[in-house]
Amino acid sequence: DGGITQSPKYLFRKEGQNVTLSCEQNLNHDAMYWYRQDPGQGLRLIYYSQIVNDFQKGDIAEGYSVSREKKESFPLTVTSAQKNPTAFYLCASSMVWGQGVGNGYTFGSGTRLTVV
Amino acid sequence: AQKVTQAQTEISVVEKEDVTLDCVYETRDTTYYLFWYKQPPSGELVFLIRRNSFDEQNEISGRYSWNFQKSTSSFNFTITASQVVDSAVYFCALIRSGGYQKVTFGTGTKLQVIP
Numbered sequence: 004d005g006g007i008t009q010s011p012k013y014l015f016r017k018e019g020q021n022v023t024l025s026c027e028q029n030l031n032h033d034a035m036y037w038y039r040q041d042p043g044q045g046l047r048l049i050y051y052s053q054i055v056n057d058f059q060k061g062d063i064a065e066g067y068s069v070s071r072e073k074k075e076s077f078p079l080t081v082t083s084a085q086k087n088p089t090a091f092y093l094c095a096s097s098m099v100w101g102q103g104v105g106n107g108y109t110f111g112s113g114t115r116l117t118v119v
Numbered sequence: 072a073q074k075v076t077q078a079q080t081e082i083s084v085v086e087k088e089d090v091t092l093d094c095v096y097e098t099r100d101t102t103y104y105l106f107w108y109k110q111p112p113s114g115e116l117v118f119l120i121r122r123n124s125f126d127e128q129n130e131i132s133g134r135y136s137w138n139f140q141k142s143t144s145s146f147n148f149t150i151t152a153s154q155v156v157d158s159a160v161y162f163c164a165l166i167r168s169g170g171y172q173k174v175t176f177g178t179g180t181k182l183q184v185i186p
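As given, the protein sequences belong to chains A and B, one line each in that order.
Letter 115 of the first sequence, counting from 1, is numbered 118 in my numbering, and no numbers are missing.
Letter 2 of the second sequence, counting from 1, is numbered 73 in my numbering, and no numbers are missing.
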């Protein structure tokens with residue numbers, strides 16, 4: 004079955020460390036996204052990518068970095084510059100809008116990052 | 072700028088009661104799409120419904136129904152005869168038509184159905 008796989012499900016980071024969250028999709032979607040979820044704040048967009056080798060900052064990109072070397076993969080690195088990284092991170096993908104309206108996004112099951 | 076407001080932070084109901092989750096949106100676009108997603112404890116967001124701005128017909132799917140009223144910019148979601156499995160966080164979302172699909176999410180409503 005097609006879908007999005009995020010790993011790991013739980014991740015612990017020490018202060019000052021960089022960590023990378025994995026996101027892989029086999030839906031042949033062009034666009035991929037990273038969201039951060041904090042209690043009571045809904046989902047906030049970190050980065051998005053419309054096509055391979057291209058990505059754009061979202062609303063809260065500071066302290067994060069991404070790459071899009073393959074259509075299927077969109078890893079997110081949480082750097083030591085991110086002052087409050089403890090959160091739930093969701094990856095999503097979608098067809099490019101011009102190719103037809105789908106059901107919005109397909110989401111992964113998330114990674115819960117905790118700073119220890 | 073787009074905005075989605077879900078004023079109800081948490082709702083608790085007893086099983087078999089009906090419950091309505093409110094969603095009010097703001098947009099200057101004439102063409103847009105509204106969505107509802109369910110986030111169970113497992114974490115992933117599950118698509119429930121999509122409605123485009125030109126289709127104000129209400130929709131019913133089993134115990135779920137949606138009331139879209141453009142005049143009041145609302146897209147409310149009703150669960151009839153709630154069940155424990157309905158316990159989750161529900162998000163309303165708005166996507167503008169055209170361009171990349173930047174989604175504006177509401178802050179979510181946590182629904183607890185008590186047996």
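Incorrect hints may have been included.
If we take Cβ atoms under 8 angstroms as the criterion, some of the chain A residues that face chain B in the derived model are [said to hold, decoys possible]: (1) F15; (2) G19; (3) G43; (4) G111.
No lab work stands behind these hints, which were simulated from the structure alone.
Please read all numbers here as calculations on a predicted model, not as lab measurements.
By construction, the Cβ of each residue, glycine as well, lies at the ideal position given by its N, Cα and C atoms.
Status of the hints after comparison with the structure:
1. Using the Cβ-Cβ criterion of 8 angstroms, the hint placing F15 of chain A at the interface with chain B is not satisfied: the shortest such distance is roughly 17 angstroms.
2. Given hint, G19 of chain A at the interface with chain B, is violated; its Cβ is 27 angstroms from that chain's nearest Cβ, farther than 8 angstroms.
3. Hint status for G43 of chain A relative to chain B: holds, with the closest Cβ pair at about 6 angstroms, below 8 angstroms.
4. Annotation: G111 of chain A was flagged as interfacial toward chain B, and the flag holds, the nearest CB pair being 6 angstroms apart, inside 8 angstroms.
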